[in-house]
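> If you want the building blocks of each chain, they are given just below.
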Amino acid sequence: MEQLLDRIIAGFEAADIEKRKDGQVFFTVPKPKVLPLINHLKMFEGFRNLILMTAVDWIEDNQFQITYLLNNPDTKTDLGIRTFIGRDGEGMDSIHELWGHAATFQREMKEMFGIGFPGSPRVDEPFLLEGWDDIPPMRREFDTKKYSEETYFPRPGRETHDPATYMKQKLYPND
Amino acid sequence: MPEDNVKYPAEDQSLSPVNRKRVVIGPEGEDILVDPLRDYYCTARPEPELPRQGIIEKFMNWARAESLWVLGFGTGCGSIEIPPLLSPRYDAYRFGVAMRPTPRQSSVIIISGYLSVKTLKRVIRSYEQMQNPKFVIALGSCTINGGMYWDSYNTINRLDHYIPVDVYIAGCMPRPEAILAGFNKLKQRIKEGRGEGANDYIKNLDWYKANQKKIIKDWNMPDYNW
Amino acid sequence: MVNPVFIIVVLLGAGFLLGLFRKTGISLARVAGLLALAFPLYVSVGWMLHFIGQTAQPYVVYTAGTVPPFSINLRMGPDEAFLTAAINMLGFFGFIYLFRLFKSQGVSTIILYLVLFMGLNVIVMTRDIFNLFVFLEIASIALIGLVLVNKGIDALSAGFKYLIAVSVISSILLVGIGFIYYYSGTLNIDGFIENNSLVMKGLSTAVFLVLVAVVLELKAFPANGWALDVYQSAHPGISALISAGTATASLFVLYKLLPFGGHLWLQVAAVIGLVTFVGSNMLGIAQKNANRLLGYSSVGQIGLLVAVIGFSDDLGSHLRMIFFGLFISHFLSKAGLFWLSGMAGEEEISKWSVLRKKPALLLIFGMFVFSLIGFPPFPSFYGKWQLVMDLSGNGQILWIALILLGTMFEGVYLFRWLGFAIKHEVDESKAPDTAAEKMIPAGAFALLLLGASWVSNAYFPGAMKTSFLPLYFILFLFLIDFLPLVIKNTLSILSLGYYGWRLYPSIQDDTLRLVFAGIFLIGGMLTLFAGYSEKGKRPGFYPFALMMYAGLIGLVEADNLFGFFFAWELMTMGSYILIIRGKKSLVHAYNYMLFSLGGALLILFGIALTVAGQPDISLSMLASPAYPGWAYALLAVGFLTKTAALGLHIWLPGAHAEAESDVSPMVSGILLKAGAFGLVILFLAMGGGEAGRHPLLYALGWLGALTALGGNLMAVFQEDAKRLLAYSSVGNLGYILFAFSFMTHIGWLTGLTYSINHFLFKTLLFLAIGGVVMRVKTHNMYEMGGLIKRMPWSFIAVLVGIITLAGIPPLSGFAGKWLFYNAVIAKGWFLQGALVFFAGTIAFLYCFKLIYSVFLGQEKDRFRKVKEAPVWYIIPQFILIVGIMIFSARPEIVLKPIGALLSQAAFFPSEPLAWENVTAYTNLGYWSGFNIMLVIGAMFVVLLGWLLLMSRKAQKVKQFNIVYAGEAPFTPETTHFSHNMFAPYNKALGFLIHPVATQFWLGVNNTFHALAESARKIYSGNGQSYIIHIVAYIVVVYLILS
Amino acid sequence: MELATKTGFVLLGLFIILNWGLIMAGIIRKIIARASMRRGISVFQPYINLIKNYSIRSQLTHGVMFYLGPVFRLSGGVGIFLFMPLIHDSEIWSNFSFAGDLILIAYFMFFGMLGMALGAGEGGHPYSAIGISRGLAQFTAIEVPLTLAILSIAFQYNTLSISEIVARQQGGILNWTLFTNPLATIAAMISFLGAMGHAPFNVVMAPQENPIGPPTEYHGTFLGVLQTNRAILHVIESVLFMNLFFGGASNWFELIVKTFFIYFWSVFVGMVFPRFRVDQSIPWLLKIPVLIGILSIVFILL
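Residue numbers (my numbering), protein chains in the order written: chain A, 111 to 285; chain B, 41 to 266; chain C, 927 to 1968; chain D, 1086 to 1387.
Worth flagging that the hints you see were computed from the coordinates, not collected in a lab.
Every value quoted in this text rests on a predicted model; they were computed, and no experiment measured them.
A couple of the hints might just be wrong.
[Stated by the list, open to error] Taking lysine-lysine and the DSS-like style, the derived pairs with C-alpha atoms no more than 25 angstroms apart in a straight line are:
(1) K255(A) to K253(B)
(2) K152(A) to K131(A)
(3) K249(B) to K1884(C)
(4) K1884(C) to K253(B)
(5) K1884(C) to K61(B)
(6) K255(A) to K254(B)
(7) K158(B) to K255(A)
(8) K257(B) to K255(A)
Extracted from the complex, chain A is given alone in its bound form (with noise of 0.2 angstroms):
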C-alpha cells in the first residue's frame, strides 16, 4: 500500500493524501493525471473496479471537486481519486472506454451538475429528470425551495422550524 502510494505520489503528482481506514485512501491528482492514474491502476495494479463516481460542488472556490472510488478486490484496497475542474462549463474526459457503467455516472453527472463528458454514451439524454428545463439541480446556485415553492403548489399552514432551537424550547423552555 505504501510502495503504491509513493508510485502514485511519484509518478501522478498525488497530494492531500488521507486514509481513511484500513486499506481506503483518498488523494488529489491534477486533471491532466487523472486519466493517466486511473489507466495505470487498472492496468498494472489490480484496480479492476470502478465502484463510483461522483461530484461535489465547491461553489465558494468556483470548481467542482470529481472523485473516482476504485476498488481492488484482490488486496481489498480502495482508493479514492479526487481532482478539481472548473464550474463554468469546463468538462472531463470521460473513462468509459476503461467501465461501461462509467457512462451511466457520467449521465447523471451531466444531468445534475452539467459537467460535460464528451464523448460519453447517450450522455446528453435524461437520466432521472424527465424534461428538466432549469438549472441542473445539484449546482448550488439552485435555489430548490425557491423552485418547490414555485412550482409544487405548497399546502398553506405549513410551519417550518430549525430543530436545534425548536427542541430546545420544548425540552427547556426556562432557558
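Fit chains B, C and D to the known structure of chain A by using the hints.
Just chains B, C and D now, kept in the frame of chain A:
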C-alpha cells in the same frame, strides 16, 4: 426502431423519437405518415359517467365499497406497508380488499408516499386507465404537503392538485392499522355516494391537466390515457 | 417407289460434284447440299408411307446384278424405311441448322456431311457385313472430320481420341468378320445367320468379336469416355448427329446382327444396355456441363434401347411399338436438345435461364425434357409403360427396378436443368441465338414430337387410348396465350364447368368419385376465380393449370390403370410448372418433382406388378394383383409421396409456401387429394373383410398418426404463414391416411369427411392468407399484425377456416372428430388414436398463431394503409364459407349417400352409422350437427345481447391504449408478441421435430452425388486410358460369358 | 310448448349452477383463508365482486373481436352446460344432451378458449398473448391423459353417451368408474388439475410474472361475463368428471356434494404444490399421467 426506410420530418424535434411524426414506406412503396400520438392513441375526450339515482345506485355503491380491488403500484417507501396488510395478522381480504395486477380491473389506487415528477407521470397513466368509478387513497404526509421532501426540486407537495384524492392517511409512515382505517373510511365515503372522484377529475380535467403539464415538462403522451 | 440405291447415288454424286465445283461459291454449294439431302428424305419417307398400313414385302436391291453371297444387297423393309426416314430427317434439318457454319467452313465440310449421311443410310440398309464395316468406317471418318470443324485443342484431342477408339473397335470388328468368313464362307448377314447352327463351335469367337465391337460402337458404359469427350467438345449441331444419327444406325446394326449370337447374346445385350442406362445416368447427376450432360443422357438412352433389343424375345409383338416409343422420343428430343444447346450458347446448365427470353424456346426445351423422362403424352411414355408391363409379365422384376432407377437418375439431372432454365437468375447481357436456320430444325422436331405423340395414342393398342380432348384444349390455350388474362381465365373456368357437366352423368351414382370430382372441379373453378385479380397476361399459367386439372379429373374418370397413370403424370407435370412459378420456388419445385417422379415410378412399378403382362388393365385388376404384397406396398408408397406422409413430406412446405397466392390453394387444398384418391382406389381394391387386416394397413395407420403429429408440430414453430399452412396440410393428410387405413365403414366416412373438410378449409385459408400476402408483400407473420381493421373479410374467412380446422363445434370440422372417435374405438387403435388426438390439439396452437399474429395484436406502421384483399379472392372464400356452413348444418346430405355406397357396393357391408332425421347414431354415440348449430347459435345471440345491453357505450380505443405498467409501449414491433411464440413448447417438445427426414434425404442425395463424382473420375480425358477401358471391357465381357 | 318448458328448466338449471359456482368459490376461498390462519373473505364475496364488475360505469373496447371474446367464452361455458346431462335418469335435467355426446363436450371446451384467445389477442397486449400461448401449449398436454381416459371408459362401457355412462355406474358405490377403472380415473383427475388452472399448472394467469395473463385488458362488464363463465365452468366441468368417474348424481344434493369434492381436489393440490413452468409441466404431463392412461387402456383391453 428499425431506422432504415423511416424518415422524420423536420418538425417535432422536442418529442422523443418514439412519439415523433415519421414517414414509413408501405408494401407498395407508398409513403405513410405516422403520427404516433394521434394514430396509436385514442384522442377522444372523456365524458363524466353520472351516477344513477336512488336505490340502484345505493346498491351498486354498496357492492363497489365491499369489493375494493387495489392496483398493485407502489410509488414510494409507503408501499412496504401494503404486503403486511394482506398477511394473516391484518387480513385486509375480510374487508373485500384484494390486489389486482392491472389498472383495468382495479378500482382503488394507493399513492404510497412521496411522488416524484417522473412517477407522477406513470401514476396519471395508470389512474386514467382505471375505469369509472375509481378511488384514490393517499398515504403519508408526503402526499399531503410534501412531508420531509417539501422543498425538494423533484417531489410534489399536494397530490390533490394532480388527481382527486378520496382519503388521506396521515403519518410517516402510517401503520397497517391506519391503512385499514383508511379503507373503512373510503368504504363509508363510497356508500354515502361521495366517491365521485373519477367524475370530478373529468369535469375539472382542464385544471388537472394544466397542473400536471406545469410540472411534467416533456409531456409526450396523449392528453387522456384511455 | 424410287429405288433406294439412288439415295447412295445422289449423296455420293452430290459429294463428288461439289468437290469438282469447289470454286463456284459456297452459297450454291449449300443449296445443292440441301437439295441433295432432301432427295433421300423424300425417298425414305415415300418408302415409309408405302409400308404403313400394309404388310408389303421388303424391297431388296441387288448390286452388281447377282444375288448374295456374290454381291452386296441392300434391303428396304419397314424398319429400314422408318429408320432411314428418321436419319434423313435429321440430315435435312441438321443441314439447315449448320447452314451458317458451312459458310465459314467451306465446301469440304458439306461433302463430309453428305458422305456421313450416305454412310448412315447404307449402314441401315446393307445386308452385307463387310459392306457394313466399310460404311461404318466411312461414317466414322466423315464424322471425325465434322468434329474437327470446331477449332481448338478440345475438339482436336476429342476427335483424335474418337479416332483411336473407333480404330480399335473396327479392328476387332474386322477380325471378327474375318472369322465369320473363315467359318461360314459368306459375308451376307442373312446368309450366315441361317448357317450359324451348323458351325456353332468355331463361330463363337467370331460372334463375340463382332457383337462386342458393335456394343462398344454403341458406347457401352463404362468404356465410353471417348464418346463423352466428343459430345462435349464438338459443335452442338454435330453432337446432335452423333447422338441421334450414328447411334440410330449403330442400333440397327446391333438389331441386325444380334440374332447371330442367339439367346445368350440377347441377354448380354439386355444386361449391357441396362448397366449403361443406369450407370451413365447415375454419373450424369453430378454433371454441370450441358453438352456433356446430354452426352450422358444419350449414352443412357441408347443403353435403354439396346436393352429393349435385348429383350426382344420377351417383348414379342410389342417390340416395335416399345422401340418406336422410346426411340422416337430419344431421337427427336436429343437432337433437339443439342440444337437448343447451340442456341443457348451456354455450357453451364445454371445459365440456361437465357432461354427465358424466348418463351417458345423454353417451351420446346420443356417438351424435350419431359419426353426424355417419359411423361405423357409423349411416345416414350407409351413405350416405357408397355416395356414395364411386358417385363413384369415375364417375371423380369429386377430389370424393371433397374429401368426405373435409371429413369429416376435421369430425372435428377434433367429436372435440375429444366428448373434452372425456368427459374435461375438470368444474365441480362446475353440472349439466345434465334436465327431462323436454328429455329426451324428445333421447331420442326418439336412438332414432330407432338405428331409422334398423336401417333402413339392413335395406333397403340386399344386399352392404351385416352381422351385427348383436354390436351387439345390445353394446346389451344398455348396458342391463345397472347390474349388478355380475363379471356383466358373465363375460358378456363368455363371449360372446367363444361367438363364437370359432361362428366356428371357417368359418375353420378358413384358417390365416391363424385366427391373427389367435386373437390377437383369446384375447387378448380373457385381457385381460378382468384386469378382475375392478377395483372398482366400471366403467360404460360393457364395451359399448365388446366393440365393439372385435366390430370386430376382424369384420375376420377379413368376406368383403367393406364388412364389413371396417364392422368397422374399429366397432373404431376402441370403442377410442377405451376409450383415453379413462385418467386423462390426453384429448389422447392425441384424437390417436388423428384418426389413426384419417384412416386410415379413406384406407382408404375406397382401397376406392373399388378398387371404382370395380362391384357386386362382395368382398375379392378388391383383387387387381384400378380404380386399382392409388393404391388400394394409400392402403390401405397407412390401415393404417399403425393400426400406427403412423414419422411416423404420434405418437398411440401417449400413448394406450397413459395407458390403464387392463388396456386397455393390449388396445390394444397386440391392437388393433395389426388394422393388421397389414389389411396381410396387402392384400398377399395384391397377390399374390406380379410384384406382389411393387411399388415400394410397397420403400418400405414401408424405412419398416418405420426404424420399427423409431426406435421402439426412442425406447423406450430413456423414464422411463415404459408409454410405454417403447408405443414398443417402434412398433418391433415396424416389424419386422412390414418382414417382410410382403418378399412372400416366409419373409418372411411371419417376419411372422406376429413378430405372434404380439408379441401374446404385449406383452400379457404390459403386463399385468405394468399390475399393478405398479396397486400402486405411478406410471408412472415411477425411482420404483420392488427390487420383485422384493414381486412375484416379476410379475417372472417380465416376465423371460419381455423374453427373448422381445429374441429370446434358447431362447424364441420367437428363432424370429422366425432366420426374419428367412433372409428378409433370401434377399431381398437387406441394408442394411434390418442396420438392423432394429441396432434389435433396441437393444431390449435398454430391456428391461434395464424389468426393472432396476422390479424390481431399490434398494427404495424408499414401496413396502416393496406387495402382489403382483392374481391376476386374474397368471393371464392365466401362461397367456401357457405359450403362449410351447409356441410356443418346438414352433413347427412353428403355422408348419407357415401355411407349407402360403401354398404351397397359391399366394401364394408355393415353400416354402423345410422341417420334419424338430422341425428347420426353409431352404436357408441350420437351427434346432430343441425341441433348443435341451432343451440349454439341461439345461445350466442342471447349472450351477445346480454353483453351489448351491459356495455353498449364502450369507448373505442386504439392500439397503444393498453395498460403497460404505467409506461407507454415503445413501438408496435416490440409490442407484438409473435416471433417464436411457442418457445416453451419448443423447449418441451422441440426434440420431436428434429429434421430427421430432411437429413436422410440430404444424405441420399450427397451419397449419390459423391458416388457419381468419384466414378466420373474414370473419364480421365486421356486417350490411352480410354483404350484400356475398351480392352478391359472386352476382357471382362469375355470372362463373364465364358 | 314443450320447447318452452325445456328452455325454462334449462334456464333454471343454469341459474342453480351459476349460484352454486359462486358460492362454491366463496367457500373454497374461505377454506383457503382458514388454512392460512386468516378470517378471509365473506362467502358471498364472489357475488359482490360480480355485481361490482357489472356496475362499473365506463367501458372501452379494442375492436369487434375484443368485444366478442367474452361472449365466445361464456358461450363455451354455457354450451358445455347445455349439452351436459345433470341428473341421472331425469328427462327435465338432461338439458340438450340429445344433440351430442361426450365428444361434443370434449371439443366444445375449445370454443370458449378460442374466443377468449382471439378477444385477448385483439386487446393488443403482449402479456395477453404470452398468457394464451402458455395456456394453449399446456392445454395440449393436459388433454392427452384425459383423451386416453375417455377412450378407456368409452371402450369399457362401449358407449360415448354420458347419460349411458352414468346409467352403467348405478347400483352401488363399487360400480363407479373410480373403482371399475381406477387408472383411467387417476389419469383424468390429473388432467382435471390442469383444466382448473390451479397450481402446479397456473402459470397461465401467473399474476407475478405477467399481469393476470389473457384477461389483462378486460374490465367491468367484460370481466363480469368472464367471471360468470368461470363460476359456471368450474361446476360444469366437475359435473362432467362426476358423470364419468363418480357415478353421476341422482339428485341436486348429490350433485352439489360431489362437485364440491371434485373441485376441492384441484384446490387442495394447488395449495400444496408450487408452480410448474410450461416447459416443465408439458413433459411431466406427457410422462406419468400418459403412462397411467395407457395402462388404463391396456387394463381394459385385457
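> Hints first: check each against the structure and report whether it holds.
Evaluated hints:
The hinted pair formed by K255(A) and K253(B) meets the criterion: a straight-line CA distance of about 20 angstroms does not exceed 25 angstroms. Between K152(A) and K131(A) the alpha-carbon distance is near 22 angstroms, which keeps this suggested pair within the 25 angstroms criterion. Distance restraint check for K249(B) and K1884(C): the Cα-Cα separation of roughly 21 angstroms lies within the 25 angstroms cut-off, and the hinted pair is therefore satisfied. About 23 angstroms separates the Cα atoms of K1884(C) and K253(B), which keeps this hinted pair within 25 angstroms; it holds.
For the given pair, K1884(C) sits about 17 angstroms from K61(B) by alpha-carbon distance, which is consistent with the 25 angstroms threshold. Between K255(A) and K254(B) the alpha-carbon distance is near 17 angstroms, which keeps this suggested pair within the 25 angstroms criterion. Pair hint K158(B) plus K255(A) holds up; C-alpha atoms about 19 angstroms apart against a cutoff of 25 angstroms. For the suggested pair K257(B) and K255(A), the alpha carbons sit about 19 angstroms apart, so the restraint of at most 25 angstroms is met.
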